[in-house]
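Asks: Next come the chains, spelled out residue by residue.
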Amino acid sequence: MKLKTLLAFAFLLFGACSKDSSLPDGSEAVVSNSSSVSFEQLVLLLNVKTNDSAYLVVESLDSVNLYVNNAWWNKVSSLLVDTTRVDKISNGNRFLSNNKINYLVLAKQGIRVPALKTAGDFSTYLNSWYTIKPGDYACFIESFSVRFNDGSSKTYFPYKYIPFTIIPESASAFVGEIELQLQP
Amino acid sequence: MKFIHFFAMLILSLGFTACYKPGTIEVKNSISNAKIKQLKWGNVYLGTNLLPGQSTGEITIEKEDQNLPASNKIKFTMEANNRQVYLETEELFSLDQDELKTIVLTDSTVVVTP
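As they're listed, the protein sequences go chains A and B. Going by the working numbering, the first sequence opens with residue 1, and the numbers climb by one from there. Going by the working numbering, the second sequence opens with residue 1, and the numbers climb by one from there.
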């Protein structure tokens with residue numbers, strides 16, 4: 001009888017080793033704005049006029065530096081234009097045309113990526129994205145560069161503000177057709 | 001002492017020594033401006049949706065979850081500003097049986113994207 005009691009006690013000891021573990025609830029919280037369309041891209045048509053009212057003909061406008069309100073947006077080049085088929089005249093180190101040449105600029109938001117080593121670096125990086133909501137904004141063209149026929153290049157600073165509107169649930173906005181002046 | 005008594009004492013002793021003692025782990029999110037989701041120690045799920053300042057509470061690591069002692073990385077998805085990234089700590093965090101380990105993830109915690 002004693003033996004049975006002792007054995008039963010031993011089994012109880014073994015059984016007492018396991019206990020319930022209660023994990024916290026694993027349900028996902030709803031992420032705000034995750035289902036809405038996030039704004040991504042500015043669309044601009046740029047043409048460059050010279051002093052003699054002719055239009056500059058180049059393959060592309062380089063390093064177009066853009067801001068939205070006071071926040072840096074991106075520095076991009078326009079899409080390439082096949083200038084071989086453009087009716088143009090040579091004037092010094094550049095080609096000019098009497099016909100307006102528009103350069104298409106598609107500018108997605110650019111992020112200056114820091115060295116990502118720590119959790120804080122990643123948090124800063126994720127939070128550095130400029131969340132842009134529907135409404136009225138000003139696009140600021142700070143500068144652009146032109147490469148001429150002789151291989152030289154020059155940066156111009158038009159400092160031009162162009163108002164534009166972002167409508168709800170849109171991923172891009174057309175800023176407009178903008179004439180830039182090529183200062184001497 | 002009779003043999004039967006000796007045998008019973010032996011079983012009792014084995015019972016005590018063979019008893020697996022689970023460890024306990026708690027992770028706190030002290031990363032600025034970021035939520036932590038799908039938090040794991042190795043492959044052991046610890047919790048999700050931890051806002052800055054929140055912790056998982058004490059999570060018991062049973063033998064079937066992870067045989068202790070063991071060392072694992074903390075794995076999690078960081079979410080901020082509607083963007084997220086999967087990260088793992090570079091450091092391994094060890095846990096032994098019957099141990100309570102508190103891990104605080106801070107801005108200076110070194111992480112990698114595998």
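Hints are supplied without guarantee of correctness; some may be wrong.
[As the list claims (entries may be wrong)] Within a straight-line C-alpha distance of at most 30 angstroms, the following computed DSS-like cross-link-like pairs (lysine-lysine) qualify: (1) B:63 <-> A:117; (2) A:117 <-> B:75; (3) A:133 <-> B:37.
[Unchecked claim] In silico negatives: residues of chain B with every beta carbon more than 10 angstroms from chain A: (4) 42; (5) 69; (6) 83; (7) 92; (8) 99; (9) 102; (10) 107; (11) 114.
[Claimed, not checked] Cβ-to-Cβ under 8 angstroms is the rule here; a few derived chain B residues that face chain A: (12) 32; (13) 33; (14) 53; (15) 78; (16) 81; (17) 103; (18) 104; (19) 105; (20) 106; (21) 108; (22) 110; (23) 111.
I should point out that these hints are in silico values taken from the structure, not numbers from a laboratory. We treat Cβ as the ideally placed atom computed from N, Cα and C, and that holds for glycine.
Asks: Confirm or reject each hint.
Replies: Against the structure, the hints come out as follows:
no.	hint	in the structure
1	B:63 <-> A:117	violated (33 angstroms)
2	A:117 <-> B:75	holds (15 angstroms)
3	A:133 <-> B:37	holds (26 angstroms)
4	42	holds (15 angstroms)
5	69	holds (17 angstroms)
6	83	violated (5 angstroms)
7	92	holds (16 angstroms)
8	99	holds (15 angstroms)
9	102	holds (16 angstroms)
10	107	violated (3 angstroms)
11	114	holds (13 angstroms)
12	32	holds (6 angstroms)
13	33	holds (5 angstroms)
14	53	violated (14 angstroms)
15	78	holds (6 angstroms)
16	81	holds (5 angstroms)
17	103	violated (12 angstroms)
18	104	violated (11 angstroms)
19	105	holds (6 angstroms)
20	106	holds (7 angstroms)
21	108	holds (5 angstroms)
22	110	holds (6 angstroms)
23	111	holds (5 angstroms)
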